[in-house]
Amino acid sequence: MGRYILRRLLQMIPVFIGTTLIIFLAVYALPGDPVKALFGDKAADPATVARLKHQYGLDKSLIEQYWMYLSNLFKGDLGTSFSQREVSDILGDAIPVTIQLALVAFVLEAVFGIALGMLTGLKRGKIVDQIVLVLTLLVISIPIFVIGYLAQVYIGTKWGIVNPTVTDSNDITQLILPGIVLGSVSLAYVSRLTRTSVVENIRSDYIRTAIAKGLPRRRVVGVHLMRNSLIPVVTFLGTDLGALMGGAIVTEGIFNVKGVGNTLYKAITGADGPLVVGTVTFLVVVYLVASLLVDLLYAVLDPRIRYA
Amino acid sequence: MPELNDTATARATATVSPAGTGDVTPEKPKKETSNSLWSNAWRDLRRRPVFIVSAVIILLLLAISAFPGWFTDADPKPGDLTHFLQKPNFSHIGDADWFGYDAQGRSIYARVIYGARASIIVGVVTTAIVTVLGMLIGMIAGYFGGWVDAVLSRLTDIFSGVPILLGSLVILQAFTGRTAWTVSAAIGVLGWTQITRVMRGAVITVKQADYVQAARALGAGSGRILMKHVLPNSLAPVIVVATISLGMYISLEATLSYLGIGIQNGISWGGDISDGSEQIRNALHVLLFPAGFLSVTVLAFIMLGDAVRDALDPKLR
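Order-wise, the sequence lines are chains A and B. The first sequence lines up with residues 1 to 308 when you count with the UniProt record's numbering. The second sequence lines up with residues 1 to 317 when you count with the UniProt record's numbering.
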């Protein structure tokens, strides 16, 4: 197990370097001058442009810039954003908010998604199953910002159940509606995936054996069926954790949540290179750690998998 | 026996799973004929209502995006403020005021019809890029194995580490005058990893099959084996993933347009939904019609992909 974790950690290094390099190149090598953009429509003073370029290291070659970025990163320095604030500072404010939001969405999709999936899988072909199948398909095909706006207008403004926008991003109760919206699509996926998996496993020999040897239904469903059916679901949930952190761009924008997604969106549209690279680096780390955790969880769920 | 199975198969078709795992339906084993997987699948598909419905919707959308003039006489571009946020008039089927007017007094029906083309182009072109790249890389990695596979698999890991929405936002931000083609290219460059993984897995399975060994023993070269044996036999899962992702790319383009970084020239559903969301408190119909068309399109591709998957899944036979 220890050796497996070590090998996986080593494999993460080239992936980390490659992914950050792609984002780095997309930000700095593509057309568009970030420093000139700082001046907006005004004519840029060449001396100031040169000074700023030097300050952010933009006068060096791309490879040198990337090397500087990497070596600073290992010292724990994410650089300074074009707004003159430390990137680590900005992220330090935004990350706790996004973690709370992602947690709300994650708990919802895991609990309700698996519950709905188990229910529909066990009641396959019944009316409950049909209704849930149609509803989840609808949720998947409606763009998330439409769901977000409808939820905001109806639940927030017209029926007045909750605040339509988040006034204090650190108050987790205000994050429940954005969390539901953020998790809705994944919830639909989780329930469908669980259903498919349950339907596949329910006809397997070990379930028949478990019933035949007289185990109570609760144990057959809760232990034998569920534990085996959850293996593909756990993979999805793990990779989705990363997606929830980054995919919150839309949801955070609609509900005015001051999290990572909002920060990143402002950084991208404002062409704030250091902030974009820093934020995406953080998201890549989340993604890599989540996929490592998924692989380790496999061993817990499925004892047939052993890591050498 | 087809009559007996129809309800069971119809239920099974309505399943989406991102991992591409099939749904098992208790179906009577069909009589084995000499027919290929593809003709069996086609016979099976023709009987599925879900397939027929989604295929009809998709054909209609293709017709709308190719010949929008056939479906409306109204012009989608000029606004007439006397029609400001006018409510839909459902009795005027096919007229300019059928779906009402938006905040600039433009006919929503005409805009929905003319906006279809951008979405369809993004969906089809992105899927084409992703499929070609993904199949090529997956086939090379799976067939040659060894260090080639190691390098390409790491490359796949790297690209799948870039979140697709964020990555395409960063790329597209650098371009001005974005068209449906620019957006497709940006999504396509980042989106090929899923098909690569599916293809690689399929190729590794096919490679060990006896008929491939036999072909190699008869002296066939790598090129011939890849084209004549490996490719046709690993196509099925790729087609399923590609069809379902086509809908997803259309939805992604709308999200990009909503964030203001999508198609800039011309009419698109994403842009209109974004405009409509500003009017959501006054006039819901401005948002509802483009959003409805978009959702139905995405839905049609997902259902088509599901139906094809169920028809091609050998576990159902």
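A few of these clues could be false.
Selected chain B positions facing chain A (in silico; Cβ < 10 Å) [as the list claims (entries may be wrong)]:
#: 1; residue: Ala74
#: 2; residue: Ile121
#: 3; residue: Val124
#: 4; residue: Val206
#: 5; residue: Ser251
#: 6; residue: Thr255
Calculated from the structure, these hints are not laboratory results. Glycine included, C-beta positions come from ideal geometry on N, C-alpha and C.
(request) Determine which of the earlier numbered hints do not hold for this structure and return their numbers in increasing order. (result) 1, 2, 3 and 4
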